[in-house]
Each structure stands twice: as structure tokens, then as C-alpha cells.
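Peer 1: Okay, here's what each chain looks like letter by letter:
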Amino acid sequence: AQSVTQLDSHVSVSEGTPVLLRCNYSSSYSPSLFWYVQHPNKGLQLLLKYTSAATLVKGINGFEAEFKKSETSFHLTKPSAHMSDAAEYFCVVSDGSSNTGKLIFGQGTTLQVKP
Amino acid sequence: EAQVTQNPRYLITVTGKKLTVTCSQNMNHEYMSWYRQDPGLGLRQIYYSMNVEVTDKGDVPEGYKVSRKEKRNFPLILESPSPNQTSLYFCASSSTGISFTGTLHFGNGTRLTVT
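Residue numbers (the numbering used here), protein chains in the order written: chain P, 143 to 257; chain G, 226 to 340.
Hints listed in this document are in silico derivations from the structure and should not be mistaken for laboratory results. Misleading hints may appear alongside valid ones.
Under the rule of at most 27 Å between Cα atoms (straight-line distance), these lysine-lysine pairs were calculated in the DSS-like manner [said to hold, decoys possible]:
| no. | chain 1 | residue 1 | chain 2 | residue 2 |
| --- | --- | --- | --- | --- |
| 1 | G | K282 | G | K243 |
| 2 | P | K244 | G | K282 |
| 3 | G | K296 | P | K184 |
| 4 | P | K244 | G | K296 |
| 5 | G | K243 | P | K211 |
| 6 | G | K294 | P | K244 |
| 7 | P | K184 | G | K290 |
| 8 | P | K256 | P | K184 |
Cβ pair distances, simulated, as ranges [claimed, not checked]:
| no. | chain 1 | residue 1 | chain 2 | residue 2 | range |
| --- | --- | --- | --- | --- | --- |
| 9 | P | N183 | G | D281 | 25 to 33 Å |
| 10 | P | Q254 | G | K294 | 27 to 35 Å |
| 11 | P | K256 | G | S307 | 16 to 24 Å |
| 12 | G | K294 | P | P221 | 45 to 53 Å |
| 13 | P | I202 | G | T340 | 38 to 46 Å |
Beyond 10 Å from chain G on every Cβ pair, some chain P residues (computed) [claimed, not checked]:
| no. | residue |
| --- | --- |
| 14 | L149 |
| 15 | H224 |
| 16 | M225 |
| 17 | D227 |
Computed from a predicted structure; not experimentally measured. Idealized CB from N, CA, C, for every residue including glycine.
Same shape as in the complex, but just chain P:
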């Protein structure tokens, strides 16, 4: 069975400092992994995705994530936070080996960026 755990419900950083949002997953098969961002009163937008190609994935707005199979992790990072990065972030896992549309979302991490 698939599952995903976001290790922090809330992360607070100062503008210009690095961002780290942690995600661990569990999957019986080779997973596809995604990070989505949700700004207030908006739908979710894809930041980046891992689908068994390069393990270091670059996304939009300077975000990147590294797939580490040995650690079952897919942490999201950004070298320097911007005020506009304040939002909720979701890690998502899909069973990449089967023709199913089931996706499992993490509980979400709220990123606060202080001036």
C-alpha cells in the first residue's frame, strides 16, 4: 500500500534563507512522486515531479527535490526563500507501475516566510 508522510506541518523561514520541506513515502512499486503548491484560495499547482528518470528534479520557481530510494524520501528544497513562496505544499505519491489513477496526498506543510 502507498502512503506519504510530510514530516513538518509548519515550517517558518526568513526571506533569503534556504527552504527544506520533508517528505517520506512508502510504495510497493516504483513510485511517481510530485510536489504541489497551494496559495490561499487557489487550486493546487504542480511544482515538480519524479517519474523514474533523473533523481534530482528541478521545478518551477527555483524549487528542486531529490528522490532517495534508500531513504524513501523526496524532500523539497530551495536555496533562497521569497515572500511569494508562502503557501501550503503537498507531497503526492502514485503507484507508478499500475494503470491506476489513485494518488495519495500528504497532510501538507505550511511554509511561512518572514521578512
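Please build the complex by placing chain G on the supplied structure of chain P, with the hints as guidance.
Peer 2: Frame of chain P; chain G shown alone:
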């Protein structure tokens, strides 16, 4: 403009009064899905559809119905709403292949309150 359109954005209703939340996409996507978002629980999948006339249960299907008679539309039906279905609902769509690696495109959400 490519988009997923949900209606209504806000809905207040009473227990037991049937309602439908509409979802339409203009991207010719095969895959469509409904999620509910509750604080601390992330997004949970209600139902999904891999193509016309093909629907399947997600993780929390109880109390909901869906239909996929046309590719572009995927309405969510609550036959007899109850207060525990008060939530923020999102519709999403994606082009998808054999293994689900597609990018989800989300609507802006429907905030439902059942009294």
C-alpha cells in the same frame, strides 16, 4: 485558456438536500478526479475516472456519486448531504498513459457547508 472549471465556488445547503457540483475541463484530458480537503488531512481522493464511462472509488467514496458521460464533464453528486461532508472540494484532470505520471490541473475549489 486551458482550465478546469468548478461550480459553484461556494455552497451552503441543509442536510439531506441533494446537490451537484459540476466540473468541466477543456484540455481533452482522459483522467479526472475529485478530492476533498480538510485541515490536517491533506487532500483525499473521492472518485476518479480514467476515461468516459470508467469510474472508480478513491479513498473516501462514501456518500458521493459521480458520472462520466462525456470526456469534458465529471460532476460530483451528493444524494443526501450530511454535516461531515462540509469541506473544500477540488476537481482535477490530467492526460495520462499506462502509468500515472501526468500533471494534475486543478479547479479553484468549491467550499461546501452542510448544516
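Peer 1: Against this structure, judge whether each hint is valid.
Peer 2: Checked hints:
1. Only pairs whose Cα atoms come within 27 Å are accepted, and K282 of chain G paired with K243 of chain G is accepted, the gap being roughly 20 Å.
2. Our distance criterion of 27 Å between C-alpha atoms is met by K244 of chain P and K282 of chain G, whose separation comes to about 9 Å.
3. Restraint check: the Cα-Cα separation between K296 of chain G and K184 of chain P comes to about 24 Å, which is no more than 27 Å; the hinted pair holds.
4. Our distance criterion of 27 Å between C-alpha atoms is met by K244 of chain P and K296 of chain G, whose separation comes to about 19 Å.
5. Distance check on the hinted pair: K243 of chain G and K211 of chain P sit about 46 Å apart at the alpha-carbon level, beyond 27 Å; violated.
6. Annotation: proposed proximity of K294 of chain G to K244 of chain P holds, straight-line Cα distance about 20 Å (limit 27 Å).
7. Proposed proximity of K184 of chain P and K290 of chain G is supported: the alpha carbons are some 25 Å apart, at most 27 Å.
8. Our distance criterion of 27 Å between C-alpha atoms is met by K256 of chain P and K184 of chain P, whose separation comes to about 21 Å.
9. For the pair N183 of chain P and D281 of chain G, the supplied restraint of 25 to 33 Å holds, since their beta-carbon distance comes to about 30 Å.
10. For Q254 of chain P and K294 of chain G, the hinted distance range of 27 to 35 Å is not satisfied, since their beta carbons lie about 44 Å from each other.
11. A hinted range of 16 to 24 Å is violated for the C-beta pair K256 of chain P and S307 of chain G, which are about 41 Å apart.
12. Hint check: K294 of chain G to P221 of chain P, Cβ distance near 48 Å, so the stated range 45 to 53 Å holds.
13. Between I202 of chain P and T340 of chain G the Cβ separation comes to about 40 Å, which falls inside the hinted range of 38 to 46 Å.
14. The beta carbon of L149 of chain P is kept farther than 10 Å from every beta carbon of chain G, the shortest such distance being approximately 13 Å.
15. No beta-carbon of chain G is positioned within 10 Å of the beta-carbon of H224 of chain P; the least distance is around 22 Å.
16. With a closest Cβ-Cβ approach of about 22 Å to chain G, M225 of chain P is found to remain outside the 10 Å limit, as its non-interface label requires.
17. Even its closest Cβ contact with chain G, about 19 Å, leaves D227 of chain P beyond 10 Å, as expected for a residue assigned away from the interface.
Of the numbered hints listed earlier, those contradicted by the structure are 5, 10 and 11.
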